[in-house]
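Asks: These are the residues of each chain, in order.
There are 4 protein chains.
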Amino acid sequence: MLDYQTLLEKTCQHVEPFSHQGEVATYIPALAEQKKGQFAIALQTIDGKVYSAGDVSNKFTVQSVSKALTLTMALQRYGDDLWLRVGKEPSGTAFNSLTQLEFEQGKPRNPFINAGAIVTADALYSRLSAPIHAVLEKFRAQSGNSNVVINRTVANSEYQHRYRNAAMAYLMKSFGNFDNDVEKVLWSYFNYCAIEVNVIELAKTFSYLSNKGVCLQSGEQVISAKQTKQLNSLLFTSGLYDAAGDFAYRVGMPGKSGVSGTIIAVLPGQFTAAVWSPGLDSFGNSVAGIAALEYLAEYVNH
Amino acid sequence: MLDYQTLLEKTCQHVEPFSHQGEVATYIPALAEQKKGQFAIALQTIDGKVYSAGDVSNKFTVQSVSKALTLTMALQRYGDDLWLRVGKEPSGTAFNSLTQLEFEQGKPRNPFINAGAIVTADALYSRLSAPIHAVLEKFRAQSGNSNVVINRTVANSEYQHRYRNAAMAYLMKSFGNFDNDVEKVLWSYFNYCAIEVNVIELAKTFSYLSNKGVCLQSGEQVISAKQTKQLNSLLFTSGLYDAAGDFAYRVGMPGKSGVSGTIIAVLPGQFTAAVWSPGLDSFGNSVAGIAALEYLAEYVNH
Amino acid sequence: MLDYQTLLEKTCQHVEPFSHQGEVATYIPALAEQKKGQFAIALQTIDGKVYSAGDVSNKFTVQSVSKALTLTMALQRYGDDLWLRVGKEPSGTAFNSLTQLEFEQGKPRNPFINAGAIVTADALYSRLSAPIHAVLEKFRAQSGNSNVVINRTVANSEYQHRYRNAAMAYLMKSFGNFDNDVEKVLWSYFNYCAIEVNVIELAKTFSYLSNKGVCLQSGEQVISAKQTKQLNSLLFTSGLYDAAGDFAYRVGMPGKSGVSGTIIAVLPGQFTAAVWSPGLDSFGNSVAGIAALEYLAEYVNH
Amino acid sequence: MLDYQTLLEKTCQHVEPFSHQGEVATYIPALAEQKKGQFAIALQTIDGKVYSAGDVSNKFTVQSVSKALTLTMALQRYGDDLWLRVGKEPSGTAFNSLTQLEFEQGKPRNPFINAGAIVTADALYSRLSAPIHAVLEKFRAQSGNSNVVINRTVANSEYQHRYRNAAMAYLMKSFGNFDNDVEKVLWSYFNYCAIEVNVIELAKTFSYLSNKGVCLQSGEQVISAKQTKQLNSLLFTSGLYDAAGDFAYRVGMPGKSGVSGTIIAVLPGQFTAAVWSPGLDSFGNSVAGIAALEYLAEYVNH
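Protein chains in written order, with my numbering: chain A, -16 to 285; chain B, -16 to 285; chain C, -16 to 285; chain D, -16 to 285.
So here's chain A without its partners, still in its complex pose:
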């Protein structure tokens, strides 16, 4: 029988050298301050047990991992109608971002590239009276920690560097695929990215992805079992930007990464894992984080 605690500790040892590799994100000061050499991993199995190892108490902002939760919340409210505004296909290269968006007339390729997450945020904005509060409360309820907060320094800093994201939002607006005020939606979007957690809280937040849509903390059926399988398929094909194929090849699990150096990965019917290590590869994904999940994947049955 597999001993998860031992496995996580061995993973920690295995990836220690990798945790010094890569470069931390530098486009905003708050992220640039992160130190390499740190690593944490946690997983929650579908019986509710939590295992962890490494720098478990360290906090970090969720960044693009928030896109998986805001997509979930948009699917709760719009169902398949959401796909009228955003696609389900992998996106090709980063270089394409605006190119692709222009060529495809303002409909982002999938909900995990920035344009897709921003249009999802616009959709949520239309249905929630206090969207930032609502997403934060969702994180709190699903992580089981009502003290989860937003790092306002990070949110402000992201907003000050919003130009490229603003360009995408205005381009979508020119195609009629953006309903609310660009600046307000972007402010909400950056707040979602700036929610601060540790790996245990993050693994718990996404427990529903391994558990047929039911959150192990709140007990809520967040989305249906079928929707959960669909969302995992999207994460499998598109969760790691331009490295989605390589991640699938090496790890073989649905996942989502963020530039703070965090990644979640899902083994349906078994567990949701979260890793964190700030050193990033050239695709913006955590070097040690991917190495850890690749190592973990060798030992788990799927």
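By construction, these hints were calculated from the structure, which means they are not laboratory data. A couple of the hints might just be wrong.
A pair counts as met if it fits within one copy or between any two copies, since identical chains are not told apart.
Calculated cross-link-like contacts (lysine-lysine; reagent style DSSO-like; alpha-carbon spacing at most 30 Å) [claimed, not checked]: (1) Lys42 x Lys32; (2) Lys(-7) x Lys42; (3) Lys90 x Lys32; (4) Lys209 x Lys(-7); (5) Lys42 x Lys167; (6) Lys(-7) x Lys195; (7) Lys195 x Lys209.
Given the coordinates of chain A, work out where chains B, C and D should sit on it, guided by the hints.
Replies: Positioned in the frame of chain A, the structure of chains B, C and D alone reads:
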């Protein structure tokens, strides 16, 4: 000896059928109200004489023809340093607009595509305390009519449909090629486009392009003779968007068009012409306007 | 306990209306002759049992499904070195085919788009003295039918319409990523596509994908268990061209489609399935084939 | 009164430092052997007089300058019908070559980019029983030297490096815009590029461009005066690849360049000039050649 007045009258007759063709611009209400079947032409020879025919007293907004004057004003202030921020090459297709801008890292291909005119407006904004007033005064001085005004309804309407231009401006800003507030620069840009003239005023405004840089109304050496030759070369290769090559092939003169249905054309050492007819072809250029200039070109020596 | 035979028969009934939809491929006469209204499905479970329903004895050419086998044969010979010549990432849109190949300097995005399969064929060509024979023999051994043949009419017809594929091959050659004679490699490639099977033979040929790399007919460890998992991940992210994301969303299994109307799908540890129905959707995938696999996926545990 | 001989000698002195700059083309051995530090210039005025200075007797292959003559010969045979197969618009960047061709469905942007010259060669191939001979004879007749020959070493070497051009030809063929055998047309195309001349012969060959279509050597009306003006407009907007705009800005004359380091330039009604110096800038245009034409342009009236 060539009789310009007769030539312009014959041109009017020749293009009458074309003036009913094409479609008026519809993206803003003020332009959509223009009626087809109208046509006007004027030219000013370098000895200062003015010839005209057709609906000469009709007013229209200059739209993109303003780009030639704002570029001139930016060259006065920056000289060749302006080319650090905007290129001198033809742009290929419309479809490329943001694609090309992204691929070339925020430096627009030339000053006559929208992105290039917007970055030029940003440059002017940095050097003028009252940029809208300054450009308007320039039009007044060079057209010889101090009553030229801005059509505020058009300016407001353009601003309300600014999304695609805002996307370009924010994309340039993300690449560090935009210095001022996006909304303020766009507002100035739309005001330049909304300056209202008739064909005689327009031909006079650009008399310096055929006269080695000296305005026939103000007597000012607006730009040097060498700069004038350079600007005419740019107009030749890039003045009519995606139809620049076709215009060069058919007309063979430097030119600049606007979506109100106006076009200026320059025969260096001889005259500057202006035409106006609201019906546009699929490239956004006046059908009768191009036909008129093509007809005119057959009769003038160059 | 799940009764596969009943499930396949119910699937047949379910998709009957879909089998009349879509359009058969028309770019070569041999494919254009296929009739709509036909459907067949087969699967082989990892205990070796075979189930089937519908027009099971009907033969069709494997077309792009051959890419999964030629990739396997190239991985046997080159291992991970193959990835120096072809990527592992999803490809974005069809429109991109040559665009992407040019931008990425002759390295195809993945082995399932045409350019990627052609470079894989070039790699095989360098290592096999009789490549067409070798691939045919592999199909025979793994399908358990030594009478599988190549449809030469189809191969010839594809070759006569080779121009776009030739363009890709020459473009790769210009970047130094093509070793052999373009025409000869294309001839081999079209022969692989023209291998003729029925759904039972096809499901058996790919049994190793659900069985940790071991073929249920030949008993051979075709590729390692780890390689098999990797290959399934690639099929999941890139197996259905521009509809890979939609297929993942609806079916959630690794798969590969061909323009003859066939699709294989893999449920690791359980079975390999093959379907066939000639009516294609706008992405070139079998309408009834996808509907069948989507229906099947609802009933099997994964 | 302008003394051309003095002007050319002053030009020689002026550009001497530039002749050591840039890099000679290296993609084929025959071009790589050219030495920097050489320069030659010649011009023929419309009264038939020839002026020259520098390394006037040095021979070089015409390379892409041949495109101006093959286009002329195609216009003789097809007139405006040629524009059904090739466009008249500037092309944007080199990077776009296949991208643009794919996006625009196999119709090259203009006849001076490689794809456009190849489709023009295909058109000529359909109408000439001995196309290579015919083009060579045209060069001989118009240069006034019946001993002009093709450098077969260069032609062979170009053909061996034909892959990218073959990719374009096959792509056009896939879109139905290529009538003859790809390899045969490419062989003719490379022979046109390998015609060997000196600057005097080259200036004479293109005398018709400054003389309303009449060749000063043969006396033939090669194309009409109107077609000549049109062709000059095309050379103005598209003759120097990605540097067409910059060349227009600096030189302000229609021109065409080749990778052997040669450029022709036309001042309609006055002269046709040819320069040669093998050192190329990053766009593949002769450094000293452009500098010479820029210098020349300052002194001539236009």
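Asks: Now tell me, hint by hint, if it's right for this structure.
Replies: Quick rundown of the hints versus the structure:
no. : hint             : in the structure
1   : Lys42 x Lys32    : within (21 Å within a copy, 52 Å between copies)
2   : Lys(-7) x Lys42  : within (22 Å within a copy, 52 Å between copies)
3   : Lys90 x Lys32    : neither (40 Å within a copy, 45 Å between copies)
4   : Lys209 x Lys(-7) : between (34 Å within a copy, 21 Å between copies)
5   : Lys42 x Lys167   : within (27 Å within a copy, 40 Å between copies)
6   : Lys(-7) x Lys195 : both (29 Å within a copy, 26 Å between copies)
7   : Lys195 x Lys209  : both (8 Å within a copy, 27 Å between copies)
Violated hint for the displayed structure: number 3, the only one.
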